[in-house]
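Number of protein chains: 2
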Amino acid sequence: MQKIPHTKLNATMNLIIFLFITLYTSCVYSYNKIIPRFPSSIIHPENPFSTSTSNNKLYKTKYFTQILDHFNYNPQSYQTFQQRYLVNDKLWGGVANSSNFPIFVYTGNEGDIEWFTQNTGFLFEIAPHFKALLVFIEHRYYGKSIPYGGDKDVAYSNASTLGYLSSEQALADYATLIIDLKKNLTAIDCPVVVFGGSYGGMLAAWFRLKYPHVAIGALASSAPILNFENITSPYSFNNIITQDFRSEGETCYKTIKRSWKLIEETAKHPKGLEKLRKSFRICKNYINAEALANWISTAYVYTAMTDYPTPSNFLNLMPAYPIKQMCKAIEDPRPGEDTLEKLYKSVNIYYNSSGNVKCFDLEDHSDPHGLGGWTWQACTEMVMPTDGNNEDSIFPASTWDYNDRRQYCKQNFNIEPRPNWITTEFGGHNIERSLGRFGSNIIFFNGLRDPWSGGGVLKNISESLIAIIAKEGAHHVDLRFSSNEDPEWLRDVRRQEINIIKNWLSPYYKDLLETF
Amino acid sequence: MQKIPHTKLNATMNLIIFLFITLYTSCVYSYNKIIPRFPSSIIHPENPFSTSTSNNKLYKTKYFTQILDHFNYNPQSYQTFQQRYLVNDKLWGGVANSSNFPIFVYTGNEGDIEWFTQNTGFLFEIAPHFKALLVFIEHRYYGKSIPYGGDKDVAYSNASTLGYLSSEQALADYATLIIDLKKNLTAIDCPVVVFGGSYGGMLAAWFRLKYPHVAIGALASSAPILNFENITSPYSFNNIITQDFRSEGETCYKTIKRSWKLIEETAKHPKGLEKLRKSFRICKNYINAEALANWISTAYVYTAMTDYPTPSNFLNLMPAYPIKQMCKAIEDPRPGEDTLEKLYKSVNIYYNSSGNVKCFDLEDHSDPHGLGGWTWQACTEMVMPTDGNNEDSIFPASTWDYNDRRQYCKQNFNIEPRPNWITTEFGGHNIERSLGRFGSNIIFFNGLRDPWSGGGVLKNISESLIAIIAKEGAHHVDLRFSSNEDPEWLRDVRRQEINIIKNWLSPYYKDLLETF
Chain A
94 MQKIPHTKLN
104 ATMNLIIFLF
114 ITLYTSCVYS
124 YNKIIPRFPS
134 SIIHPENPFS
144 TSTSNNKLYK
154 TKYFTQILDH
164 FNYNPQSYQT
174 FQQRYLVNDK
184 LWGGVANSSN
194 FPIFVYTGNE
204 GDIEWFTQNT
214 GFLFEIAPHF
224 KALLVFIEHR
234 YYGKSIPYGG
244 DKDVAYSNAS
254 TLGYLSSEQA
264 LADYATLIID
274 LKKNLTAIDC
284 PVVVFGGSYG
294 GMLAAWFRLK
304 YPHVAIGALA
314 SSAPILNFEN
324 ITSPYSFNNI
334 ITQDFRSEGE
344 TCYKTIKRSW
354 KLIEETAKHP
364 KGLEKLRKSF
374 RICKNYINAE
384 ALANWISTAY
394 VYTAMTDYPT
404 PSNFLNLMPA
414 YPIKQMCKAI
424 EDPRPGEDTL
434 EKLYKSVNIY
444 YNSSGNVKCF
454 DLEDHSDPHG
464 LGGWTWQACT
474 EMVMPTDGNN
484 EDSIFPASTW
494 DYNDRRQYCK
504 QNFNIEPRPN
514 WITTEFGGHN
524 IERSLGRFGS
534 NIIFFNGLRD
544 PWSGGGVLKN
554 ISESLIAIIA
564 KEGAHHVDLR
574 FSSNEDPEWL
584 RDVRRQEINI
594 IKNWLSPYYK
604 DLLETF
Chain B
94 MQKIPHTKLN
104 ATMNLIIFLF
114 ITLYTSCVYS
124 YNKIIPRFPS
134 SIIHPENPFS
144 TSTSNNKLYK
154 TKYFTQILDH
164 FNYNPQSYQT
174 FQQRYLVNDK
184 LWGGVANSSN
194 FPIFVYTGNE
204 GDIEWFTQNT
214 GFLFEIAPHF
224 KALLVFIEHR
234 YYGKSIPYGG
244 DKDVAYSNAS
254 TLGYLSSEQA
264 LADYATLIID
274 LKKNLTAIDC
284 PVVVFGGSYG
294 GMLAAWFRLK
304 YPHVAIGALA
314 SSAPILNFEN
324 ITSPYSFNNI
334 ITQDFRSEGE
344 TCYKTIKRSW
354 KLIEETAKHP
364 KGLEKLRKSF
374 RICKNYINAE
384 ALANWISTAY
394 VYTAMTDYPT
404 PSNFLNLMPA
414 YPIKQMCKAI
424 EDPRPGEDTL
434 EKLYKSVNIY
444 YNSSGNVKCF
454 DLEDHSDPHG
464 LGGWTWQACT
474 EMVMPTDGNN
484 EDSIFPASTW
494 DYNDRRQYCK
504 QNFNIEPRPN
514 WITTEFGGHN
524 IERSLGRFGS
534 NIIFFNGLRD
544 PWSGGGVLKN
554 ISESLIAIIA
564 KEGAHHVDLR
574 FSSNEDPEWL
584 RDVRRQEINI
594 IKNWLSPYYK
604 DLLETF
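Quick note, the sequences are listed as chains A and B, same order.
Each residue of the first sequence is one higher than the one before, counting from 94 in our numbering.
Each residue of the second sequence is one higher than the one before, counting from 94 in our numbering.
To be clear, the hints were calculated from the coordinates, so they are not data collected in a lab.
Just so it is clear, CB atoms sit at the ideal spot from N, CA and C, and this is done for glycine as well.
It is possible that part of the hints are untrue.
[Stated by the list, open to error] Which chain A residues face chain B? A few, computed with CB under 7 Å, are given here:
id, residue
1, TYR166
2, ASN167
3, ALA220
4, SER250
5, PRO305
6, THR517
7, GLY520
8, PHE531
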């Protein structure tokens, strides 16, 4: 996921947009020349399914001929593209003898569906219990699901071709594909439950709301569906990051808070940039104080999102509780380490836990997970104010200014964002009131250490629109593979989720029996 | 609403498509040269609001700048057009002193919104009771709400410009307009209830399902949301018409049933067409057996739809219980009237109750209510199988053949219909199961004498998705102006509807109070 640039260094550092799952990848913005960097060394998640051999065992890859535009009928809307989806039917109970075992569908995010699949172990682990068919659908314009004959250069060339990249079209894709798949499997009566994390979680929740005839329920994990307009404070995102670090130590928090000025000042000295380069092991090709600060802040932001209780390799290879480790590096330095060294050790937790990286390339703009389309989405409908920083923020104070976004989008795509559209289409204002007596069967999971949790649904809306909160949880931690080291609260979250899903299925089967 | 043509005379006669509210208008189809005719003498409804002076008192006309394409972001999607809406705020209680009186919105159908407004007296009559603001929104591409600078010739010129005429875009228009209007009126907390009849009723129901954050409930009158794919039998529509006539007398039914052959045979005789012309008072310019049969069947179809218990002037000026009158003309003829004369007297009930028409012009293709866009909608998403006729049908036996539609649409618009799209987007299959535990606050009214009732929701889905049925009711009779002659069952239907709407508002206000 690409970062939307800012005008000022201060603001840039915490302008963490639309990453969700995901990352500041790459991409130089001519706008302010700030280049958040994603080290190419950490592309491959190290889980049991990380090799192509085991992926072959995990799922079969299929393609569906999808229509480009579901909502209009002009000739260009009839174009089609190949949408990728992954299927695991090994544990599925099927439809024999009038049984109708469930279908669990992951509503793909803004990136390669294989990556998300490999990071959604929860589904593989609960499938045996439910005898469920697993389907992971890739979001249009990502991974291998590229319109215009699969030619990404064409699809991403301009607003005319990118124009069909929207969440409404993606949801309609999912509905169309699921209905067709069920017909082909003669599984029309099998209940479908949708799952998703981050943007995929938003899609899962919205899918249940908009297509209740296709999915009987949704688990929306870390889905900040309220992070639009003024529903959630634009300071919320960075406040949570601040709190995450502050909870590990006041010294840690203050050291980072003061570091931005230190870096700025150091850079002004003769040989200051060389000092910074040496302290942070930046490669020879390029250095610049703003880019460095941005690179550092990126580490804090994504570590806050992935502050998991066990070692992980989602964005990067990371130890358990990485924020704690970052703060430890700052608060318990080795003898002789100066502040810059301490800071380096802290960001090293994020960028180089493997210890393999010799130097860091601030010009590395690789996008290993194919998240590039998010910039477009952020410039059209996904206008999510997240980058305000109040005086207490761990990042320099700044305000959210919609005009920055607007100007960026004008410059890069010659497009005008529609910042009010998502709430028009999906709601969000006074959600307790508007959904308190409407809809059913959605779980909103949020881990409160996740900066996106500020835009999530944190209170039950009704008896069956349920919020599950984990005080110590991070970004869709519930959807990850379990491990023997998982803390009790995480096991408990997953148990709750499984029980709730069971409680959606039982009445469905009861209704089904009554129909016949 | 335009008729979609058929290949055979028999089939054509009962192919009543997409008229809903509405009419076989006009338009020569080169395909089979059948021209259903709508006499231009009956354009103006005769109700208290029929003159332009009283319309001025009834509502103010306003325009809203609407975006052409809500779901995509290519440059052409940013085009705008002026959407007309009518407002009556004279009875509105407003928002003073933290009161939040309701807003009743009519979700416009496939035609001029003034016409529908004038035929939706129910809203004007209940507004004082609720102190409600009334808003009637015109559907895009109809009336004065024409994209492409209001130039209908351009907007209707080809599939590229017509492509944005879809129900999903219309619903998004309504959401966008309502939210903006509420902001402008500082009426954000005022509850909105949507109302609609026929296609407008489908839109009202779908609006509540898709935009529950905008409307707290919907009265969907005579909304055949189940008349898609194979959910409703394609024979249902004409079976109901058959039953309507048969219930008034077996002789009436049999006479009409045999008449198609009689007309065909008569036309074959020398001077046969002249005999038909004389019997049916057809003007000199044009006659043809197929066109005549079609013109006659049109009368039966629309009379079945508007078989109201009091005199009406919706489609045409008509007496109370017009089917009864039609059958009376057949069963109690004046001395000396032959069968053709009897048939003429019966269709005269529909075409010439005023007695003013001297001769009927089978080539009259006027479209007084601007319903022309329905043909396009019927060729894209509104593929509603209605024109099967079994052996008992009052019309000649025929089967529904999707390929007829497909071929017609190919020929006329070079467009491929998407017959499965509506059920993908809005559901419909097993509606009790899919909505039994989802959604709330919709009334589905159906009058069982209305041929469209076969595609309606006739059973309660849940405690608050309620079916109201009137055995003797016709097409959205509940939404019409009341009269002193209204039968008790109709008064009772309206009383029920008012009570249910009250029961949506009370909890809304309770929730609102609790929020503050």
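Now for the hints, and whether the structure bears them out:
1. TYR166: It holds, given that the least Cβ distance between A/TYR166 and chain B is near 4 Å, below 7 Å.
2. ASN167: 3 Å, holds
3. ALA220: Nearest chain B Cβ about 24 Å off; hint violated.
4. SER250: 12 Å, violated
5. PRO305: With a closest approach of 4 Å, the A/PRO305 hint holds.
6. THR517: This interface hint holds because 5 Å falls under the 7 Å limit.
7. GLY520: Holds, about 3 Å.
8. PHE531: Check passed: Cβ of A/PHE531 comes within 4 Å of chain B, closer than 7 Å.
Comparing the model with each earlier hint shows violations of hints 3 and 4; every other hint is respected.
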